[in-house]
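Asks: Top to bottom, those sequences are chains A and B.
Going letter by letter, the first sequence gives residues 908 to 1388 in my numbering.
Going letter by letter, the second sequence gives residues 3 to 208 in my numbering.
Note that these hints are calculated values from the structure, not bench results.
For glycine and all other residues, C-beta sits at the position ideal for the given N, C-alpha and C.
Don't take each hint at face value.
[What the hints assert, rightly or not] To spell it out: a stretch of chain B is covered by chain A in this simulated footprint if at least three of its residues, at any positions, have a beta carbon under 8 Å from a beta carbon of chain A; those stretches are:
1. 50-57
2. 71-85
3. 98-106
4. 169-177
5. 189-200
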Amino acid sequence: MRPPIKPIPPRQSQYGIDPALVKTRVCELPGMTSVLLKELFPDLPEVIYPGEEGVAAVRKATEEALQKIDMSKIKPEHSVNILASHHGFTLLGGEPYAEMLKTIKDVIEARTGCKDIRLRAGVGLRFRETEEYIKRYGLDKHFDGKAIGVAPIDQGIPIETEIGTLYGIRKIYDADWIVHAHNSDVREVHFHRQVDRAVKPFGMSYARIETRSTYHQNLGPRAANFTARAIFDSPFVQKKFAFASFLTVAPNGIIGVDADSDLYALNDRVTQIGCRYYGKMMTLFGEIDECIAALDFPCPVVYVFSAGVIYANFAGANTDLYDLDMPLPAYTWYTEAFYGKAGRPLLEDIPPVNPAIKMCVHNYAWTGYPSAFFSEHIPTVVVGQEQADLFNRDPQNLTYMKHAVVAETTEAAMEFAYKTTGTRKVIIFDGAMGGINVSEPMAELLLKKAPAVSERVENELLPKWLRQRGVDMSVLRKAVS
Amino acid sequence: MKVVNLLAEVDAGKCRGCKTCEKVCPVLAIKVENKKAVVDTERCRGCAACEQRCPDYAITMVKREQPIVVKVDVSAVDYGRIEELCRRAKLNPEQIICYCTATRAEEVAAAILQGARSPEEVSFLTGARTGCKVECIQPILRLLEAAGIKPEPPKDGWQWYGRTVTVWEIPEEVKRKYATRGFYFDEDIKLLDRVAAAPVQIRRDS
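Throw the hints in and build the complete structure from the sequences for me.
Replies: Here is the structure:
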């Protein structure tokens, strides 16, 4: 068996504990190994990062992708907002996304002579998260002091759409042109269901609370992302939209940079990557019969990564998140909302949280996202009193620790989990690049199941998923060739 | 229900009186007086909106010595009226509308039936919208509207701007236009209608 892959290190952040308190990573414990994702799915694409060239490969790919973009409408006297989102900085350490942002700025400046280029970085529910990234990756300096984080409670701007008035963040749109700088990583499939994934930030990290609440409360689980399309298609946004540049990401790494002034063309390509590669990984995770899930990544509980899949999606891996005929995943906010006071779903056909997760060992994960649903439905052991205290001080997680217990050390937490669950299958959400850190019995299971999963996705599920989203495979193949 | 265990504290030396805190506070608990922010400690619900947006990093969240339990007594209102109001807003009374505080529609409805007239009052009384501050503004506005109340956003504030569309209000031509792109409007209407109509699990009559 291979040794474990070095996980993403803990990060200094106001949303997590002091990295010095993270004494042990779960993958360092006895019996842990790793599986390369290419071993599981040999058809996964080749990656440019991680690789020998480091982030230089991302700069090169961005420059190449931007060559085909017509920037003639951007004049030297204009202003440009490059729009970023927090999520990109959680991918493979964050440097690739930061490098793409820097390169976009450099290319626009070189090609157009425009000097007033700003970075506007949106957030999820941790309003200062991108401020932290801007400093960490030197983006403030690179953007000549014109890099700021923006939050959904900042001053808004009404946007007239074909479904009525929605609201964006004023500072996102306070330039002549906007450039949508994002990534194709799927992350919250439970929310967007891979429908208009590329458009989502217009309804989320670039949007005000009214819009985000529309998404999560007013439209329903499969209509939600229409808020994003409605805003993007509005005359106000269309007038400002210059182009989009995306880090294209597969579960095993960065596969390139894709840029287009037609966001929907780019979206179709993103849909295909998301369904094919991440769909295989999620379907494989759905084959896990029993396990201990270990969280060990600098992100909120829901967002910790393993093989490109976030814990929130693993909690719903007992259902097909991509199948739009299925209304509710086992976890999404609509599902959470529909649990009544007796602790049962209000409708009988709402699926339970993935029963394969016998216990969660929360070794290291951040606050800043309402996560009590997880500790309420999955037995959870949190490592270290300091981490428990941090959750008790988070306005979004005041009841997380009501349902969890505390272990003093990682070793003690895992021993407790082994003894009480009776399983030795462990999956670690620690952001290992190119592979997945797991226990040996879990590695054996994944390697055994992967070939059949691959075949099922290719032949049965992928055609259905793409058909449901109106993506024509033959057109896509032509576009790629 | 929310146990408020934090309190905003202003460092007057750092505060420049920009009023950002005033504009973002969901319960109107902080005001700039004589060019310095002042916290109403009884009103503060510990959401940290001011701390997270202060451009001068002049606010910190400190632990309250005595946490406050914020809760509206649902049993003080005729449950039939609560149910009726919730269902008019197309919500199940037991549906959670604030994911951070697990506040259910019935508690917001009870707050409104007992006199709350704005999202700020609802948040002050129930604690809803004092966690992430983002996701639950629309169901609160829907419940207020269902009660015949048309609140005005706080003057010069950024707390909220307006109620937006629900899936029941999506125009038919929009549904038709995007029918093949994965938006399941009518199917989601059926789902949400079923949820709204589902029986409550624990009925608490007054």
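Asks: Indicate, hint by hint, whether the structure satisfies it.
Replies: Okay, the hints, checked on the actual structure:
no. : hint    : result
1   : 50-57   : holds (count 4)
2   : 71-85   : violated (count 0)
3   : 98-106  : holds (count 7)
4   : 169-177 : holds (count 5)
5   : 189-200 : holds (count 8)
Against the hints set out earlier in the document, a violation occurs for number 2 only.
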